[in-house]
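*Asks:* Read off the chains here:
4 protein chains.
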Amino acid sequence: MRRIGIGLIGSGFMGRSHTLAFRAAPAVLAPAAVPVLEMLADIDEPSAAQAAQSLGYSRATADWQALVRDPAVHLVDITTPNALHKPMALAAIAAGKHVYCEKPLAASAADATEMARAAQQAGVQTFVGLNYLKNPLLAAARAMIEGGEIGTVVSFRGIHAEDYMADPLQPWTWRLDPAGGHGAVADLGSHILSIARHLAGDIVEVSGQIATVVAERPVARGSTAMRAVAVDDQARALLRFASGATGSIEASWVATGRKMTIGFEVTGTKGTIAFDQERMNELQVFTAGQPRGREGFRTILTGPDHPPYGQFCPAPGHHLGYNDLKTIEVAAILDALAGGPRFAPDFAEAARIQACVDAIVTSARERRWVSV
Amino acid sequence: MRRIGIGLIGSGFMGRSHTLAFRAAPAVLAPAAVPVLEMLADIDEPSAAQAAQSLGYSRATADWQALVRDPAVHLVDITTPNALHKPMALAAIAAGKHVYCEKPLAASAADATEMARAAQQAGVQTFVGLNYLKNPLLAAARAMIEGGEIGTVVSFRGIHAEDYMADPLQPWTWRLDPAGGHGAVADLGSHILSIARHLAGDIVEVSGQIATVVAERPVARGSTAMRAVAVDDQARALLRFASGATGSIEASWVATGRKMTIGFEVTGTKGTIAFDQERMNELQVFTAGQPRGREGFRTILTGPDHPPYGQFCPAPGHHLGYNDLKTIEVAAILDALAGGPRFAPDFAEAARIQACVDAIVTSARERRWVSV
Amino acid sequence: MRRIGIGLIGSGFMGRSHTLAFRAAPAVLAPAAVPVLEMLADIDEPSAAQAAQSLGYSRATADWQALVRDPAVHLVDITTPNALHKPMALAAIAAGKHVYCEKPLAASAADATEMARAAQQAGVQTFVGLNYLKNPLLAAARAMIEGGEIGTVVSFRGIHAEDYMADPLQPWTWRLDPAGGHGAVADLGSHILSIARHLAGDIVEVSGQIATVVAERPVARGSTAMRAVAVDDQARALLRFASGATGSIEASWVATGRKMTIGFEVTGTKGTIAFDQERMNELQVFTAGQPRGREGFRTILTGPDHPPYGQFCPAPGHHLGYNDLKTIEVAAILDALAGGPRFAPDFAEAARIQACVDAIVTSARERRWVSV
Amino acid sequence: MRRIGIGLIGSGFMGRSHTLAFRAAPAVLAPAAVPVLEMLADIDEPSAAQAAQSLGYSRATADWQALVRDPAVHLVDITTPNALHKPMALAAIAAGKHVYCEKPLAASAADATEMARAAQQAGVQTFVGLNYLKNPLLAAARAMIEGGEIGTVVSFRGIHAEDYMADPLQPWTWRLDPAGGHGAVADLGSHILSIARHLAGDIVEVSGQIATVVAERPVARGSTAMRAVAVDDQARALLRFASGATGSIEASWVATGRKMTIGFEVTGTKGTIAFDQERMNELQVFTAGQPRGREGFRTILTGPDHPPYGQFCPAPGHHLGYNDLKTIEVAAILDALAGGPRFAPDFAEAARIQACVDAIVTSARERRWVSV
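Protein chains in written order, with the working numbering: chain A, 1 to 372; chain B, 373 to 744; chain C, 745 to 1116; chain D, 1117 to 1488.
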């Protein structure tokens, strides 16, 4: 079986999450290629060495460019702060490597598009970590929509709300660095926009609104030195889809009390599908035409009829977790690298999502509808 | 005790609902005035006579102007199609009568403002049937906000979604008559905008989007003759509040499967309050600063600590119903008429709500942010 | 239309609740007879006079026996502490009056049976206030079961849990008086047993368990004088039904945090129905044979297809409240008194329920299965 | 680091589940010992070879006794049908091996006790797969109870309901083999009894009820040959705890529509904790003494404050899944084998649970309360 050498850059939340998935995927999902944890790059040698040891990579380096060039690395996996995605991905592509990158892909749609084009020209495959799309219930939702089970989609409402920046004393972080792009609209908005596109298709026009709720933050936890915040804490947009459907999205990292709301409601002429990531194993579905007095939303629990759930557990209702979504993502990457089905979302799709993000910000700043 | 002669115009859903409330209020809530069901006006004599008999009014008439002039009628209660609100209310005001009118108050903010001014000049009291505001949990939510329990409000999201027009074969109705104003944005939007204003204050600017999902409808049930629909089936808007908070509202009467969603989430810097009318006896409240590992949204059930619940039932958790909200509304009207606390929302408030509705429609049509 | 003179004995929570229902029922449900609030009896003249005035009864008395004998009183409505139900009901029956009595009907099944027999021999109608049975969704549940929508019932689980006695400083009350019968098993257990019988039929055998959690209570709020508690605070029982189905019930008034749980789950060979009074407008229904990957419990909201909801409100999802259940109960009583459909549950049914209560207590005390 | 050679017997649902956990645990939870997938035994050579290859074991055998004796196997992991647990475990213990066995541990409490004693005498460690105990929220619940956050426990209600045997055409399976012990009361009841003991302590007396709902089943899917069912499909019991608290449990594998209900409600004098495995990342907690009008059950989402969640994911609300519970279980086993904290539940605890199961069945058959 084909072996894929993994070169991971960055070993924080997402670096660890990817690694757990690379380790879990072969046993759970038996993808057509085997990942080999070849090399890990981090900010300096000690950090890299310690992370490599802890996560199980064979080699460590403080020089990500060395990692990118290393012949044993076939897939460069980028989990660094956003501002670094572009140079790293372009270098990897230039070295002929496939690239797996966390979201948001780039600081701007222009950058993302440049990255997508470079990958296309180099003939390498690209993969973006919009893992919530990998929930088997999202596939079920899409199948229902494509199969006409809810008629024609007329409305989409999406919300991604967390509260990890709600506390004004939460210190400044790289997520607030404008060099990395926009704020919540990019960090969280990219997720909900990816779902909007997945279920309701192309977005052609937006009217956006962004707000910075906490104007300045301590430079470090407990510090009295403050640093101004230049990106949005919350964002909203009205959407027009190519299909003629309309909708809205909202993204906030100051949504006090919300830990992991990724909620959507897709309304069709004959039914409605609703979901919330805080109950990620439940899909709420209404279909018109039920017997009178008996109609209602059904609560569908994930089960073996929602592949690849059955490979995690043969019995329904036992629940997938967050890490399982990453495992599904990684297995799909390995399959694609072994010549299997094309992976989505790739850089080209991420660039289209980023174009929506940029359009929302432009719209908000220029106070007008903006085409995507 | 003061007796208030009620003159009801219209005897449909709302006419009946008001009447049930007038009959229930004295026993349940002991308002400071007694309603007397004096006269009912409807489209023709037989209809009026039959409705008066069924609902318990002493007299019936096909001439609403006679009702308005009748000396025994002190409060003119208007539950007719929207297009008729203005002439009826103005006539009642001209006759020196207090007026209770269903929402949306008028076809436009200009009309509503004219009505409010006329009432003010005539020195009569006015009352608008935005009954969801009367839920004791809404009062609790407002008290929490005013008491600082959730910090400073930074975001408001409101949704009013029903599906009574979702079926394309649902026939054309007076609700679709542009002479009565706009569509879902007025009929349902007025409710959710009233809540937005109640909890988050003045709205100063909107960016709206409206859509007519079902372009034409049968002129009557089962008919093949079709009539074009000129008003919106669904509407959304981004909002900017005077306080600096931002938000959104959505209104739809084609939200397949949703029967009575009036959902909102008010996010503050130190807490969040969420509600859905489909579970109208529950308020979800999160407050920051709970012990680690123990924090979460609380589900508060309506009870005697949420007045006037205790007058309906002394034990918590027993549930109020929709009609109870109307009973609370009517009792507050009777109290106001007896010199008690000023009632809200009155025509002036309804005109401000209608100004938001109009601004959303203008914004949608002109594709720009519009000040309210 | 026939006029029914109402004579109410007792004017507490339930006396008021009945009265509100008598006042609301004619307008909402147009029963075939008109209630006339004729006379109210309470503990002394001033109390009775004040209550009569407040609730709208024409006359007041401190002599309930005078009320019972009064020729203008056709229906004697008993809402006094349990220990008084029997003498009052027997006196009313002896006077040839119809009787409406709150639950639990009597201190023992023997007493209840004696009351039922007396009524039968006297040819008067009897009515027991097990109002939760009047929820239109309970009728829907029963119709589903009778129509075979969930196959053959194999299991019933019922819970009635409140916490109004959870605080050990909650003072001693007449509900704890053994002269009135048992504790939570009677007060709350009668409700859940009535539902068990309504949905799953006759109970033929029980194994019970009772517990007094708070052994003594203050004689009055704030008092340091204590009085021993001789009745149960919580009770449970295993059940065997005549149909062969098995099940359990539980009743507690010390269920900290639970305000109005009346939850049940009826499992059949082809489906399951679940309900909780804390969400009294929702029924959860699962039926076997749904398409694969699409199956789940449906949340049915009360609506016009669940009579008599439509007479409260023509639009679905608007919610009935607790008082509406009493209104439905009272209208059914008035209909029965006017020669309409026989009312259930009557004294005979309440005696069968009380027999279950007694059997549970006997079983618990004698530590053996007891036939009902 | 110490290496633990794993010898797995059986490669079905649980064999695979254990293996996924052994593979995941080192990376996620860094236990103090490393598992080595040494050998797998199954019913015949080809099955064993194929499973070993698929799951990643170095060697395969059709002779489980060879596995037990193999010097490279340090931990014998038994995931076979129940009837085989005892001989396999005793052989492993005799060979001086530590044993990890699925629930229910044995066909009877006598067998389980014999196994526990053998292990104790041999000085080997034992581990039982009651994985739902490993949910971090169960640890939180127990900490709350031990810390007095809900006062003194007065009631426990537990339900384990699934529907995998609800269809009468579901064929006969080893789970129905009386040689393996009882039915749902053992298979599912062991889970809910383990939780009852975990949260409310020793159970000293039970009154049980068991029922076989489907009297006979096809010998294989689609077959017309039928085989009688000799074990229970559903069971219930009233419980008395050593603490004086009372309660009940219920177990059913014919609970149509329920996929993975493991629900409990622990009521204390000052609070209540409720949980349902179908929403395994949520704990419902009520505590007395909240401000008036603000009190309610809190919905606590699993997060980093509930160890070891943070090792799966640093952000709250992202959700653990079923397989993660097994990973936690396996890591705790590895830690215990490396000299870390003693693992619970071991064979001795499982024997106590099995004693409850047996007591329920005896009680049901002999129709009397039975001491445990």
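Please note: incorrect hints may appear among the correct ones.
Quick look at which bits of chain C chain D covers, simulated, 3 or more residues with Cβ under 8 Å [stated by the list, open to error]:
id, stretch
1, 839-852
2, 900-913
3, 937-944
4, 974-984
5, 1105-1113
Note that these hints are calculated values from the structure, not bench results.
Ideal Cβ positions, reconstructed from N, Cα and C, are used throughout, including at glycine.
*Asks:* Between the stretch 839-852 of chain C and chain D, are there enough contacts, at least three residues with CB-CB distance under 8 Å, for the coverage claim to hold?
*Replies:* violated (count 0)
*Asks:* Just to make sure I understand the rule, a stretch counts as covered if three or more of its residues have a C-beta closer than 8 Å to a C-beta of the chain. Does the stretch 937-944 of chain C meet that for chain D?
*Replies:* violated (count 0)
*Asks:* Just to make sure I understand the rule, a stretch counts as covered if three or more of its residues have a C-beta closer than 8 Å to a C-beta of the chain. Does the stretch 974-984 of chain C meet that for chain D?
*Replies:* holds (count 5)
*Asks:* Please count how many residues of the stretch 900-913 of chain C have a CB within 8 Å of a CB from chain D and say whether that reaches 3.
*Replies:* holds (count 5)
*Asks:* According to a criterion of three or more residues whose C-beta lies within less than 8 Å of a C-beta of chain D, is the stretch 1105-1113 of chain C covered?
*Replies:* Since 3 is at least three, the answer is holds.
Hint compliance for this structure: hints 1 and 3 are broken, all remaining hints hold.
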